[in-house]
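A.B. asks: The residues making up each chain are set out below.
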Amino acid sequence: MKIFSQDIVFGSANHELSLGETRENFSTHSKLNIVTTFGSNAQAEEFLTLLETSGLTGHGGAHFPVARKIRSAMQSPAGGTVVANAAEGEPGSAKDAALWQFRPHLVIDGLLIVAQLIQAKRLVIWIHNDERASHRSIVEAIKERELAGSPIHVEILTMPPRYISGENSSVIAGVRGEAIAPRYRLDKARPWGLGNPSILSHNSETLARIAMVRKYGVEAARSHLLTLLGLDRRTVTEAASSDTYGQVLSKTSGNPPTLFGGYGATWMPWDSIKNLQCDPATLRATGLSFGAGIIGVLPVGSCPIVETGRVLTWMAGQSARQCGPCFRGLADIAQRWNDFATKAISADDYHTMLIRIGLIPGRGGCAHPDGTIRLARSALTLFSDEVEKHLEGKCEYEHSLDFLPVPLEVATS
Amino acid sequence: MKKRAPNLEVLRIDPTICAGVAMCARVAPNTITLDPWGFPIIPTDVLTENMAKEAHKAVRACPKNALFIETREFEG
Ligand code: SF4
Ligand code: SF4
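Note that the protein sequences, when read in sequence, are chains A and B.
Quick note, the first sequence lines up with residues 195 to 607 if you use the working numbering.
Quick note, the second sequence lines up with residues 1272 to 1347 if you use the working numbering.
The shape of chain A in the complex, shown without the other chains (with noise of 0.2 Å):
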């Protein structure tokens, strides 16, 4: 059970231009006939023995259990906050996107249906005040649904488009109104906001999966969002949880670098991701990880040094800027990377360079700086026949082409 019927592209800077899809307005969704209500708490209880049984986990990276989640807010007393977060951190992310310009309804329900379970009495939109046509999307879905007889109480918050705002904790943070940062939390495998009352906070891809699944069944869960990168264009697929990369990207020829899930990820080899289907589950078995669902084959003419360079500095600009090991460790990884990337260093730099790599693991409050290293550790591997030409100062890329979105970066503090 798809959500889309057809790809939906963007351009590669913005998320202005789109093609594909028509946007739903509320009198074509409104024929789905999704129910956001529970007559009864046996019908409630139904539903999430149904969305436990569909193995649905959060799609905003982590995969979190959705209806172990749910469930651990309903202990929590009544009248509490549910979060629809649609602030889509990684840039090269396109998938929140799609799902609010051309399906916002079918996100507003999943949001009225987890309201409905844990009794909540505040919802949140939550979204990057740069996201213009899904802001817009947004706003008409609201006003749709006023005239047609069916208004929603939804606040809509909006904050700089930072890469940390979208993580769970700061989301939380910044709907309790307060400062937007990741807080520390002695245990990560507890989802963050619950006590009294809650805060939930959901990736939208994942309240669109909960529509879908209340509709359509435990079917419903089993196909995910992909956004696919361009040099030009970012393409946003849906994929069944059977079908392979391969066939999913099946005009990739040779076995080109692939940037695998987001940019706090890993750098493989097309021929390692080929054969691998695209459920988050299946993954997290072989030890990989679905992550934001981003597949970026790198083109002939970019060099994957200087490309991971750019990622490593845009990651470092994205700091919160509280723990030391990330702002000011990343930041002097990155500085050291562009110079290994631009310039021959002499071999002790370069073992600098290693040894401080491995001093940022585990030591910030959130995973980001463990994530940006991920992707450093993961080229420096894959890469290494580049490595060595880097250091003798014969890397082929005349120009290397720029290729994966990195945002201009926004004044900070």
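Warning: the hint list may mix true and false statements.
Listed next, the stretches of chain A that the computed footprint assigns to chain B, with coverage defined by at least 3 CB atoms under 8 Å from CB atoms of chain B [said to hold, decoys possible]:
#1 400–406
#2 511–518
#3 522–533
#4 557–567
Calculated from the structure, these hints are not laboratory results.
All residues carry an ideal CB built from backbone N, CA and C; glycine is no exception.
Knowing the structure of chain A, use the given hints to seat chain B with the ligands on it.
C.D. replies: Okay, now just chain B with the ligands, sitting in the frame of chain A:
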């Protein structure tokens, strides 16, 4: 009779609070070292008796209250 198991102590840091003032490393030189950026590297293992003594000193010395001791139940 079983001997009462000792408490196992682990030193923890909230990195979002630590300001890199480095008082901790000064009072606990054998337990805490500084990274090249001036921030403390905290041992992740259970502390030995000598390290635990130093660690408690570091917890008291930290002006930001970024350090704390976690006690783990003895297992096995
Ligand atoms: S690790 Fe970085 S991004 Fe995460 S809380 Fe610390 S400073 Fe912020
Ligand atoms: S004394 Fe406290 S604030 Fe200073 S470096 Fe040590 S842990 Fe950080």
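A.B. asks: Hint by hint, which ones does this structure get wrong, listed from lowest number up?
C.D. replies: 1
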